[in-house]
Amino acid sequence: MKFSSLLLTFLTAAILPLHAENSPIHMTIEQANKTEMKDKKKVHDKTQVRSLKITLDNNSAQSFDGLVVKYWFFGHAAADHAIKVVSEGERKSSITPRGKDVVESEVVSKSFTEEYYDAKTKKKTPATGDKIAGYAARVMKDDKVLAEYYSEPTYKTLIK
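The letter at position 30 of the sequence shown is residue 30 when you use the working numbering, and the numbering goes up by one with no holes.
FYI, nobody ran anything at the bench for these hints, they're computed from the structure.
Source: prediction; values computed, not measured.
Hints are not guaranteed to be accurate.
To be verified - Simulated pairs of lysine to aspartate or glutamate, EDC-like, Cα-Cα distance not exceeding 16 Å: (1) Lys-53 to Asp-80; (2) Lys-141 to Asp-101; (3) Lys-144 to Asp-80; (4) Lys-160 to Glu-148; (5) Lys-53 to Asp-101; (6) Lys-92 to Asp-142; (7) Lys-70 to Glu-88; (8) Lys-160 to Asp-142; (9) Lys-110 to Asp-45; (10) Lys-131 to Asp-80; (11) Lys-70 to Asp-45; (12) Lys-53 to Glu-104; (13) Lys-122 to Asp-80; (14) Lys-34 to Glu-152; (15) Lys-53 to Glu-148; (16) Lys-70 to Glu-90; (17) Lys-53 to Glu-106; (18) Lys-70 to Asp-130; (19) Lys-84 to Glu-152; (20) Lys-124 to Asp-45; (21) Lys-34 to Asp-130; (22) Lys-100 to Asp-65.
Claimed, not checked - Estimated spans, in silico, between C-beta atoms of each pair: (23) Glu-88 to Thr-121: 54 to 60 Å; (24) Thr-154 to Ser-109: 23 to 29 Å; (25) Lys-141 to Thr-47: 33 to 39 Å; (26) Lys-123 to Ser-23: 51 to 57 Å; (27) Lys-160 to Thr-96: 29 to 35 Å; (28) Ser-63 to Tyr-116: 51 to 57 Å; (29) Asp-118 to Ala-82: 43 to 49 Å.
Here a beta-carbon is modelled for each residue, glycine too, at the ideal position from N, C-alpha and C.
All chains should be built: construct the whole structure from the sequences, respecting the hints.
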């Protein structure tokens, strides 16, 4: 029994990569983050600022023109945790053979107020606004996906 499980694992590991299609485009993403308070007196009011710096490397002798780099920012209402797309965009790109291109997203800003209890008024103030939770990026040529990245794997199901 153990031998057959080991054999199946080995064969799966050896055979599957032979069928996977490798892309000549390699993508790396750097996320710029900043969270700040709007007013020092209102410590529960915050603003998140995010942007992406997407670096594309062409590992082939072929040039790629007409690439589309799509990106998404995901988040949720401060009062719940149902993930949704809070911002999306796209940029054009071209890469020479063995070349590199850097694509930057627009800056996305979301404000929210955390839930808090006011001791003076003895009232609970509910959370409001949207929080940014993650991001995704996809490089496409026509309708073919050449590279993609999701900061959380479940985000892939949220985009079309």
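Taking the hints in turn, this is what the structure says about them:
For the suggested pair Lys-53 and Asp-80, the alpha carbons sit about 29 Å apart, so the restraint of at most 16 Å is broken. Of the supplied pair hints, the one linking Lys-141 and Asp-101 holds, its CA atoms being roughly 15 Å apart against a limit of 16 Å. Between Lys-144 and Asp-80 the alpha-carbon distance is near 35 Å, which puts this suggested pair outside the 16 Å criterion. Distance check on the hinted pair: Lys-160 and Glu-148 sit about 13 Å apart at the alpha-carbon level, within 16 Å; holds.
For the proposed pair Lys-53 and Asp-101, the alpha carbon gap of about 10 Å is at most 16 Å, so the pair holds. For the hint pairing Lys-92 with Asp-142, the CA-to-CA distance comes to about 12 Å; that is within 16 Å, so the pair holds. Our distance criterion of 16 Å between C-alpha atoms is met by Lys-70 and Glu-88, whose separation comes to about 8 Å. Pair hint Lys-160 plus Asp-142 holds up; C-alpha atoms about 15 Å apart against a cutoff of 16 Å.
About 11 Å separates the Cα atoms of Lys-110 and Asp-45, which keeps this hinted pair within 16 Å; it holds. Under the criterion of a C-alpha separation no larger than 16 Å, the hint pairing Lys-131 with Asp-80 is consistent with the structure, at around 10 Å. Annotation: proposed proximity of Lys-70 to Asp-45 is violated, straight-line Cα distance about 31 Å (limit 16 Å). For the proposed pair Lys-53 and Glu-104, the alpha carbon gap of about 5 Å is at most 16 Å, so the pair holds.
At roughly 23 Å between alpha-carbon atoms, Lys-122 and Asp-80 are farther apart than 16 Å, so this suggested pair is violated. Taking the CA atoms of Lys-34 and Glu-152, the gap is near 20 Å; set against the 16 Å cutoff, the hint is violated. About 14 Å separates the Cα atoms of Lys-53 and Glu-148, which keeps this hinted pair within 16 Å; it holds. Under the criterion of a C-alpha separation no larger than 16 Å, the hint pairing Lys-70 with Glu-90 is consistent with the structure, at around 4 Å.
Between Lys-53 and Glu-106, the direct Cα distance comes to roughly 10 Å. Compliance with the 16 Å bound is thereby established for this hinted pair. Annotation: proposed proximity of Lys-70 to Asp-130 is violated, straight-line Cα distance about 22 Å (limit 16 Å). At most 16 Å may separate the alpha-carbon atoms for a hinted pair to count; Lys-84 and Glu-152 meet this at roughly 13 Å. About 15 Å separates the Cα atoms of Lys-124 and Asp-45, which keeps this hinted pair within 16 Å; it holds.
Between Lys-34 and Asp-130, the direct Cα distance comes to roughly 15 Å. Compliance with the 16 Å bound is thereby established for this hinted pair. Distance restraint check for Lys-100 and Asp-65: the Cα-Cα separation of roughly 12 Å lies within the 16 Å cut-off, and the hinted pair is therefore satisfied. In this structure the supplied range 54 to 60 Å is violated for Glu-88 paired with Thr-121, their Cβ-Cβ distance being about 39 Å. Distance hint for Thr-154 and Ser-109: a CB-CB separation of about 24 Å, consistent with the stated range 23 to 29 Å.
Judged by the Cβ atoms, the range 33 to 39 Å given for Lys-141 and Thr-47 holds: they are separated by roughly 36 Å. In this structure, Lys-123 and Ser-23 meet the distance hint of 51 to 57 Å, their C-beta atoms being roughly 55 Å apart. Taking the beta carbon of each, Lys-160 and Thr-96 are about 31 Å apart, inside 29 to 35 Å as hinted. Between Ser-63 and Tyr-116 the CB atoms are about 55 Å apart, so this pair conforms to the stated range of 51 to 57 Å.
In this structure the hint that Asp-118 and Ala-82 lie 43 to 49 Å apart at CB is violated, the actual value being about 27 Å.
Checked against the numbered hints given earlier, this structure breaks hints 1, 3, 11, 13, 14, 18, 23, 29; the rest are met.
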